[in-house]
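Q: Protein chains in written order, with the numbering used here: chain A, 46 to 277; chain B, 123 to 1167; chain C, 2 to 300; chain D, 149 to 271.
It should be emphasised that the hints constitute simulated quantities derived from the structure, not laboratory data. Heads up, a few of these hints could be off.
Partial list, computed: chain D residues near chain A (C-beta under 8 Å) [as the list claims (entries may be wrong)]: (1) 158; (2) 161; (3) 170; (4) 172; (5) 174; (6) 203; (7) 207; (8) 246; (9) 249; (10) 252.
Simulated restraints on C-beta separations [claimed, not checked]: (11) B:598 <-> D:258: 39 to 47 Å; (12) D:259 <-> B:1161: 52 to 60 Å; (13) D:219 <-> A:46: 56 to 64 Å; (14) B:999 <-> C:287: 25 to 33 Å; (15) C:34 <-> B:1033: 32 to 40 Å; (16) C:34 <-> B:1074: 12 to 20 Å; (17) D:259 <-> A:57: 56 to 64 Å; (18) B:381 <-> D:259: 30 to 38 Å.
Heads up, the beta-carbon is just placed ideally off N, CA and C, and yes, glycines get one too.
If you want the building blocks of each chain, they are given just below.
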Amino acid sequence: MVKNILIFIVLIGFAVLLANVFVGFKGNSELNTLANHYAVSGPEEVGSANLVTAVVVTYRGLDTLGEVTILFLSAAIVSFLLKIETSASRKRKLRTTSEILDTASKILVPVTLLFGIYVFINGHLSPGGGFQGGAIIASGLVLMLLSQPAKEVSHKLITIVESISGLSFVLIGVAGVIFAAGFLDNTLLSLGKFGTIFSAGLIPVIYIFVGLKVGAELSGIIANLQENQNEV
Amino acid sequence: MVGPIYIIAVALGTAFSLGFFKKANVKFSFAFMLLAMTFMTFISGQWLYAFLTQQQETIQIFTAGFKPPFSISLQMGFYEAVFLSIINIVGLLSAIYMYDKLKEKGVQMMMVFVLLFMGLNVVVMTRDIFNLFVFLEIASIATAGLIILDKSANAISAGFKYIIATAIISGILLIGIIAVYYYAESLYINDIINSNLSFIKGGAVAVFLILIAIVLELKPFPANGWALDVYEAAHPGIGTIVSAASASAVIFVLTKILPIVGESGYYIIGIIGIITFLGSNLLGLKQNTTNRLLGYSSIGQIGLLLTIIGLTPYLGDKTLFIAFGVLISHALAKAGLFWLSGIINSKNIKGWAAIRRNPHLLVLMGTFIFALVGFPPFPSFFAKWELIMQLANNDKIIWLALILIGSFIEGVYLFRWFGYAIKGENQDLPEFKIQWNKIIPVIIFALGLYAIGYYYSTLTGSAASLNYIPLLFILFLYAIDFLPVYIKNTISIAGIGYYLYTIYPGLEEFNLIFALIFLAGGILTLLAGYTYKGKRQGFYPLVMMMFAGLLGLIEANTTLEFFFAWEIMTIGSYFLIIRGKKSMTHALSYMLFSVGGAYLILAGFGLAHIGQSSYSLDILANVQGYAPIIFTLLAVGFMTKTASIGLHIWLPGAHAEAESDVSPMVSAILLKAGVFGLIVLMLRMGAQSFGSFDIYYALAWIGAITAIMGNMMAAFQEDAKRLLAYSSVGFLGYALFGLALMSHLGWLAAVSLSVIHFMFKTLLFLAIGGVVMRVKTKEMYKMGGLIKKMPFTFISVLMGIIVISGVPPLTGFGGKWILYNAVLDKGWFLPAGAIFFAGIIAFLYCFRLIHTIFLGQLKDEHREVKEAPFWMLLPQYIILGVIMIFSAFPNSLLKPIGEVIMPYFSDGALEWQGQLAVSNFGYWNGELIMYIVGGIFVIVFAWLWFMNRNAQKVKQFNIGYSAERPSLPETTHFAYNFFAPYKKALGFLVSPIISDFWEAVSEGIHAIADKIRRIYDGNAQTYVLHIIAFIVIFYLIAFGGSYGI
Amino acid sequence: MEFKNIGYALLTIFIVLNYGLILQGVVRKIGARVGRRYGIRWYQPYIDIIKNYAKRSTITHGVMFYIAPVFRLTGGIGLLLFMPVIFGSDIFGNFSFAGDLVLVLYFQFFGILGMALGAAESGHPYSAIGVSRGLSQVTSFELPLTLGVIAIAMQYQTLNITEIVAAQQGGFMNWTIITNPFAAIAMLIAFLGAMGRSPFDVVLAPQEIPIGPPTEFQSGLLGVLQLNRAIFPAAKLILFMNLLFGGATNWAELILKTFLIYMWPVFVGTVFPRFRVDQSVRWFLTVPLIIGIIAIILI
Amino acid sequence: MEKFNLENISLVIGILVILIGLWGLLTQKNLIKIIIGFALFDTGIHIVMVSIGYIKNGTAPILDNAVDINNAANAVVDPVPQALVLTAIVIGLGITALMLTYVLKMYQKRKSLEINNYNDLKW
C-alpha cells in the first residue's frame, strides 16, 4: 500500500513533467517548414502520392531500414529463445477448433493474404504500406493457426523470404549510393507518372520487400509462439 | 576510401544473409560474421587513420539523395572515427572471444551480434534525432537478445528486466523527441541546436527528457538495477560489450545532444555523474559476485565520465583529453576483466585465486586493475592528473574531493578482489583452461593500454620528460623471467649500479643522499637475493619497479614526474609485499593507505598548481592561496608512507610478512620515500600555520607520539619481524619530529637518522630474515639460545640494537645528541620529552629481540640449526663496516649532511674541529669517546682475563636453579610476554584504538553500502519506479519550480 | 688529551672506588643499626671482593656472559670519567672534554645493556626476569629525569657539565635545587629509581629472585660486578651533585655532599616498602612526570 | 473554447493513457498485465505523437482525389509525425513480442507469472 502511494506520488510528478513538456503546445494551424517541404516538393522529388510513404521510405528511409531490422531482430531472438530442441519427444495439448472457425478460415486466409499484398503494393498511393501489408499477411497466418493448431509452419521458407527481401532492401540502398545520390535514393528507377502504380521510383519495390519481410518476420514470431503453446 | 554507409550495408547484408546458412556449417557462418566485423573495423580504422594523418575533413553522408533536415544524414568526423574504432574493435575481439559460444548457439545470435554493432555504429554517426532513437532501440533489443544467450532462468529474467527498463526509457526519449520536433520544427540535430530550445517554454523540458533518457541509458545510480542484473546474469562477453562498446556509444551520443541542452545540461550531468560515481562504487564494496562487481565498477566509471562531461565548462579544452583517457582505460580494462572473468569462470571473487595458476594471466589482470584505478603508465593516470589540476585551477574543490573519494572507494574493492586473486586462500579452486580465442583479445587490450598510455604521456606537455628507461629495464626482466635467480640478480644489481654510476655526477644535496639510500641500499639488499634458488618468478621486475619509482622521485623536477614515480613505486612495493605469506589483508591495507595518500598528494599538487603555468616542483614555493591546506594534504600523503601514527596500521603486517630480503627493502628503503617527500615539501613551502596554529608543532607531536607508540608496540610483539616493523614506525617518528623542528640541527638529526635507520634496519631485517629462514618461525619465544649456532648473525643483531638504542659509542648516539641540541635550540620541550621517552622504550624491544632469539635456552629442535647463508651475511657485514666507520668518525657522515642543509638552515650549525662537534649548547667527540670507551673496555677485560683465564665453559642449561636442575629448556626460557609487568602498567596506551578506528570506519561504510543496495530488490517494477522517480527528481532539481501547473 | 690524563683518571678511579666501597659498607652498617642489628663490618665489601677474586673455580656460559661484567664496569668507569669530578681541577676534570651531559646520560645504559646481555646468556630465567623488570623501570624514571635535564640545560643554556657547575658557584642560593626546584625534585625522584633501592628494588629482589640479573655470576666475574657496584652509584651521586648541588671544589666537599645525597634514597628506602614493577612504572609516570612537566613549563 | 480543440483533447488523452499504462506497469503483479501496461504506455505515446502533428482542419497526407496537389501544403496534416509513429509502432511491436516471448519462457521454466517470483538477482 505504501508502495502504491509512493508510485502514485511519483506518477503525479511525472504527470506534472509531461504537462510541462507540452505546456507550449498551441496546436498547429499550418505546416512547419519541414512538413511544408514534403508537402510541396515531395510529389515531385519522390513521386509518391502518399506523403507518409514518401517520408517513411525515402526521406527517412534509414529509419525504415532500422525498423525492419528491429523486427528482424525480434524475430531472430524469439526464434532463438523458443527453438524447440527436442522435437521428437514433445507433447502438446492442443485446443480444439470449431467448425465455424475452420470453415471461415479456409475462405478468409487466402483473401487476407491477398489483401495484405494489395496493401503493400499500393503503399505509395493509398493508406498502408509494407508494414501494414506485412501485418495483414501475418494476421492471415494467425487465423490459419487458430483453425489448424497442429499445422507446422515452414520456418525455412520464412527465413528464406526474410533473408532475400532483407538483402534486397540493403542492396537497393547500396545501389543508391553507387548509381544515384545516396543510400536508398529512390530515383534509381524513373519516378513514372504520379499517382499510378508504377510510379514513385523504387518505393513500391522497397515496399514489396518490406511487406514480404515484415510478413515473414511476424509470421515467424507467431509461429514460434504458437509452437510453444501448451507445451508440456 | 570506403564510405561509412557501407558499415550499415555490410552489417545488415551479413545479418540478412546469415539466414541462408541456418542449417549449414556454423563455422562458415561465424567466419562470415567475423569477416563483416573485420570489415566494419577496417572502415572505421581507415577513417581514423585518415583523420590522424591526412588532415581529413569531417564529412556528411546524406541518405536518399536529399540534404538534411529533409533526410537523415550521418556524420563522419575525427571523434566519430575514434569512437567507431573503439566500438568496432571491441566488437571484433568480442566476436573472436565468443567464438565457441556463438558457434554453439547458432546463426541467430550471430545476426543479433552483428546488428548490435551496426546499431551502435549508426548511433554514433547519425545526426538525426529520431534515427538515433531507432538505432538505439536496435542496440537495446540486440543486447536483450544477447543477454539470454545462455537461456538460463536468471538470464531470461534479467533480459526481461532489461527490456522493460529500456523500453520505458526509450518511450521517454520518444516523448522528448516528438516534443522537440514540435518546438524546433526539425529532427536534424544541428537545426535543433540552432533553435535554442532551452529558452522556449516547454522546449527546455522536452530537451531535458531527451537528455535524461540518454543519461538513463548510461545506467546512472540508483536507476540502474536492471543493468546490474544484466551484468551479473549475462555471459561475460556480453558484459564487455555493454560496458565497453555500448557505453562508449551512448557517451558519444550524450556529447552530441548536449549542445541542444546548453549550459544547464552540464550541471545536471555533473550531479548525476558524481552521484553515480560515488553511489555505484560505494555499493561495489559489498559485492562478492565477480560480474556484478564489474558491473558496479563499470557504472562507477561511466559516472566519472559523466562528471567529467558535466564539468566541461571548467575543464575547457582539456575535457577531451581527460574524458577520453578515462573512457579508453575503462573500455579496455573493463573489457579485459570481463573476458578474464569468462576464462576463470568463478562466480565469486574469492574463486579468482585460481588465476594464479597462470602468472601471465595475473599480470594481465593486474594491468587492468591498475589501469582502472588510474595508476601510471595508463591513460587514466594522465587523465586523472589533468582532471584534478583543472578542477583545482577552477576552484572546484568539492568536486575534486568527491572524485577522489569515489576513486578511492573503487580502489578498495578492486584491490580486495586482486588480493584474492594473488593470495586468497581457497580450497577448491575452479579449473579453467585457456583457449587461444579467449586469451588473444585480452592480451591485445592489455598491450593497447600500455601503448595508449605511452601515447598519452607524450600528449602531456609536462610529462614529456618522463623516464621510461627503467620501465624498459623492467620489461626486459619480465622477458627473461625464465632464467635462474643468480643471473637475474646479477643483471638487476648491474642495472642499478650502472644507473647510479651514470646519474651520480648530476646528483647533489638531498637527492644525492636519498639516491644513495635508495640505490646503494637496493644493491645491498639485492645481494641477499643470491641466497634464493630456482627462478623466483616475477620477483625481479617488481623489485625493479619499486626502485624505478624511487629513482623517479629523485629525478623528478615536476609535480607530474614526482607523482608518476610515486605511483610506480607504490605498484612495485605492493606486489613485493603481497608476495609474502598471509599477506593478503596487509597488502590490501598497504594499498589502500597508499592510494588514499596518493590522492591527498594529488589534491595537494592540484591546489598548488592554481594560478601557475608550470608544473615544476618549485611551484610549491610560490603557491597562490590554500598554502596550509596544500601543505597538510601533501604532508599527510607522505606520512602514509612514513607510517605516522594513525596511518601506520598497514605497516607491521606488510613488513613482517614479506620475504626475508623484501622486508629490508620495504622497511629500510621504501619508507624513506616518505621522508624524501616531506623534505621536498618542507624545503619549498617552509613554515605553515592555520591562523596561529603552527602545523609543524602538530607534526612534531605526531612524530613524538608515533615514536612512543611505535616503540611500545615493538616491545610487546612476539613476532620478530613485526617487532622490527614497529621499530621502523617509531624511528620514522623521530625523523618526522626532527624535520618538524625546521632547524639545522633538527634536519641534521632527521637526515642522519634516516641514513642510520636505513643501515641498521637493513642489517636487522637481513639478520632476522636469516634466522627465520633457518628456524622456520617468526615467533621469538619459539627460539632462544641461538648465539652459538649463529654467531655472525648474533654480532650483526648486537651491533644493530646498540645503534638503535643510541648508546655511545656507536653512531646511534650521534643522532640522539643532535636531537637534544636541536630541541634545546627550538624550545619544543614537551614533545621532545616524549621523543626521549620513546628512545628509552627502544631498549625494551632491543633487548627482547636479542635475548629471546639468541640468548637464554636453546630449544631442542634447534640443535642442528646452521648459520645464516653467506649471501645474507655479506650485506650485513658491509653495513657493519660502514656503521663502525661512521661511529668512529661521525663527521664523515654528519659533516656532508650538514653542508647539504646549510643553504636552507644555517643557524645553529655544528662547528667541527676534527671529530669534535660543537653546538650552541654542548660538544661531542665521537672518535675520542670511541677510544676512551675502547680503552677502558680493554683494560677491564684484560683484568678480568688475568683473574679468570681458566674459566670453565658450561652449557647454557647448566644453571643453578634453587638448588635444583630445571627440567626442560622450553620452560626455562623466559621469553613469552617478556614485558608483562610493563604491559600491565602501560599496555592500555597501545590498545588498538587506531586499527579499531579504521575498522569501525570500514565497517560503517560497508554497512551503509549494504543498506543502500537493498533498493535493488530484483523486481522489474521497482527498477522502473526508480527510473521514473529519477526523472521526476532531476526534473525538480533542474527546473526547481520555475514552471508550475 | 695527554697521557697524563690517563694517570689522573686512574687516580680518580682509585679514590672513587675506595670511597664507594666504604660508603657501601657504612650505609649498610647504618641501616643495620637503625634496625637494631649489629650489621656488617664497614670494610666488609673489601672482604667480599677479595674473596670473590680468590675463588679458584669459575664457570662461564659463553662469550657474552664472560664479557658482561666488563661492559658493566666499563659503563661505571666511563660514566665517572666523562664527568668533571672536582670542579676547577685540571687533574680531576678527567675526560669531560669528550662529551657533554647528553653523553653522560646515555652512557649509563652502556653498562646496563651489556650486563643484561650477559645475564641473558646465562640462560637463567631469573636473570631474564630481572632484566625485564629493570628495563621496564628504567624507561619510566627516565622521563622525569629527561624533563629535568632539559629544564636545567635551558636554565643554564648549556649542556656542558663544567659550565653548569660553574653557574652554581657562589653560595647555596645559586644551586639548582634552589633556583630550579621543580626540575630538581623531578630529577631527585628519578634518582630514587636510578639507585635501585627500596621501593624500587624489585629488579634485584633479594628475597624472591636471588639477586636478579647477576644470578649466575660468581667468583671473578662477580668481583668485577662488585667493583662496579662501588663505582657506579658513586658516579651517579657525583652527577647529581654536579647538576643540582653546585658540584664540589675539593674531595672533602665531594664526600660530604655525596654522602648527604646518598642519604636521600637510603631514607626513602627505609621508610617505604617495595613496589611491584607495574606500580613503580605507573608511579613514575604520574607524580614525577607532572612535576617534570611543570619544570618545563616554568622555563 | 480554444482548450477543447481536437488536438488538445487527444494530447491529454494520450498523456492519460501513458500514465494509466505506467500505473498498470508499476502496480500489477502479473507479468502479462505488466506487459499490457507497457503496451498502453506505448500507445499513449503514439497518440501524443499523432496529436502533435495535427493541423487544424487538415486531412490525411495522401495526395489523391481529395487533396489538390498544388494546395497540398494547406490541406494536409503534418506527415512527419505520422511517419514517426509508424516506425514507433513497429518498434513497440517488436519489443512487446520480445517481452511476451521472455515471459513465456520464464513461465515455462517456473510455472508462474507472478513478478515477485523472479527476484533471484538483486543487490
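Q: Could you run down the list of hints and mark each one as holding or not?
A: Against the structure, the hints:
1. 158: Violated. Min distance 11 Å.
2. 161: Hint violated; residue 161 of chain D Cβ to chain A Cβ min 12 Å, cut 8 Å.
3. 170: Holds - the Cβ of residue 170 of chain D comes within 8 Å of chain A, reaching about 6 Å at its closest.
4. 172: 11 Å, violated
5. 174: Result: holds, 5 Å to nearest chain A Cβ.
6. 203: 5 Å, holds
7. 207: 11 Å, violated
8. 246: Holds: closest Cβ of chain A sits about 5 Å from residue 246 of chain D, inside 8 Å.
9. 249: 5 Å, holds
10. 252: At about 6 Å, which falls below the 8 Å cut-off, the nearest Cβ of chain A leaves the hint on residue 252 of chain D intact, so it holds.
11. B:598 <-> D:258: 39 to 47 Å: With a Cβ separation near 58 Å, residue 598 of chain B and residue 258 of chain D fall outside 39 to 47 Å, so the hint is violated.
12. D:259 <-> B:1161: 52 to 60 Å: With Cβ atoms ~47 Å apart, the hint is violated.
13. D:219 <-> A:46: 56 to 64 Å: This hint holds: roughly 59 Å between Cβ atoms.
14. B:999 <-> C:287: 25 to 33 Å: 46 Å, violated
15. C:34 <-> B:1033: 32 to 40 Å: 55 Å, violated
16. C:34 <-> B:1074: 12 to 20 Å: At 41 Å between Cβs, range violated.
17. D:259 <-> A:57: 56 to 64 Å: 37 Å, violated
18. B:381 <-> D:259: 30 to 38 Å: Because 52 Å falls outside the window, the suggested range is violated.
The earlier numbered hints that this structure contradicts are 1, 2, 4, 7, 11, 12, 14, 15, 16, 17, 18.
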